[in-house]
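Chain by chain, the residues:
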Amino acid sequence: AQSVAQPEDQVNVAEGNPLTVKCTYSVSGNPYLFWYVQYPNRGLQFLLKYITGDNLVKGSYGFEAEFNKSQTSFHLKKPSALVSDSALYFCAVRALSSGSARQLTFGSGTQLTVLP
Amino acid sequence: SQTIHQWPATLVQPVGSPLSLECTVEGTSNPNLYWYRQAAGRGLQLLFYSVGIGQISSEVPQNLSASRPQDRQFILSSKKLLLSDSGFYLCAWTSGNEQFFGPGTRLTVL
Numbered sequence: 001a002q003s004v005a006q007p008e009d010q011v012n013v014a015e016g017n018p019l020t021v022k023c024t025y026s027v028s029g030n031p032y033l034f035w036y037v038q039y040p041n042r043g044l045q046f047l048l049k050y051i052t053g054d055n056l057v058k059g060s061y062g063f064e065a066e067f068n069k070s071q072t073s074f075h076l077k078k079p080s081a082l083v084s085d086s087a088l089y090f091c092a093v094r095a096l097s098s099g100s101a102r103q104l105t106f107g108s109g110t111q112l113t114v115l116p
Numbered sequence: 001s002q003t004i005h006q007w008p009a010t011l012v013q014p015v016g017s018p019l020s021l022e023c024t025v026e027g028t029s030n031p032n033l034y035w036y037r038q039a040a041g042r043g044l045q046l047l048f049y050s051v052g053i054g055q056i057s058s059e060v061p062q063n064l065s066a067s068r069p070q071d072r073q074f075i076l077s078s079k080k081l082l083l084s085d086s087g088f089y090l091c092a093w094t095s096g097n098e099q100f101f102g103p104g105t106r107l108t109v110l
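Each protein sequence line maps, in turn, to chains A and B.
When we follow the working numbering, the leftmost residue of the first sequence carries the number 1, and every step to the right adds one.
When we follow the working numbering, the leftmost residue of the second sequence carries the number 1, and every step to the right adds one.
What the hints contain is simulated information worked out from the structure, not anything from laboratory work.
Predicted, not measured: the structure shown is a model, and the values here were computed from it.
Hints are supplied without guarantee of correctness; some may be wrong.
[Stated by the list, open to error] No more than 20 Å apart at the CA atoms, straight line, and that leaves these computed lysine to aspartate or glutamate pairs for EDC-like:
#1 A/Lys58 - B/Glu98
#2 A/Lys49 - B/Asp71
#3 A/Lys22 - A/Asp85
#4 A/Lys69 - A/Asp85
[As the list claims (entries may be wrong)] To spell it out: a stretch of chain B is covered by chain A in this simulated footprint if at least three of its residues, at any positions, have a beta carbon under 8 Å from a beta carbon of chain A; those stretches are:
#5 42–48
#6 80–89
Beta carbons: idealized from backbone N, C-alpha and C, even for Gly.
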């Protein structure tokens, strides 16, 4: 079975400061890892993914995430937060070897609030 | 490019009434399709997924059902809504390794 943990329900950061949203995962074999963002009353938008290769992945809107296999983590980061980054963020995982259509397992979400 | 549509965007229904939510995908063929429910603006619960016409897998037993009458159409239904069915319903499809989500339907059961 695969699982994702987002240990923080809420993250607050001042505008212009760096931000980190944490994610750890559990999966059999190598993982595919994803970050999605959700604005109020909207569907989820894809931010970035890790499949293979460089552990530092760059995505949309200046976000990046670092894959750490030994710590089974995939934390989302941004060097300088904007008020418009305030949203709900979801981490997701699936096993590389998974042939099931069930695919992604999502974390419970982290509400990011960037304070002006 | 591929797009995914959901309607209605919002819906208010009385307890015991029927439900039909529709999802359609454009610009792709034979997609894997998914219905999720999001309660209280938080985690996603996978309800159903489909790998093809007429093929439905249920993840959670409940009073909801799903159907896929056409390749790019996925319908979520109920014969009698419960208060606990209130939530934000998201349709998604898969392209390769990624899932893409529709705009969602906000359902309120009174």
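Going through the hints against the structure:
A C-alpha spacing of about 16 Å is found between A/Lys58 and B/Glu98, which places the hinted pair at or below 20 Å, so the restraint holds. Our distance criterion of 20 Å between C-alpha atoms is broken by A/Lys49 and B/Asp71, whose separation comes to about 27 Å. Taking the CA atoms of A/Lys22 and A/Asp85, the gap is about 16 Å. The hint holds against a cut of 20 Å. Restraint check for A/Lys69 and A/Asp85: not satisfied, since their Cα atoms lie roughly 27 Å apart, outside the 20 Å limit.
With a threshold of 8 Å between beta carbons, the proposed coverage of the stretch 42–48 of chain B by chain A holds, since 4 of its residues qualify and at least three are required. Given a C-beta distance limit of less than 8 Å, the hint that chain A covers the stretch 80–89 of chain B is violated, as 1 residues qualify and 3 are needed.
Consistency with the previously given hints fails for numbers 2, 4, 6, ordered from lowest to highest.
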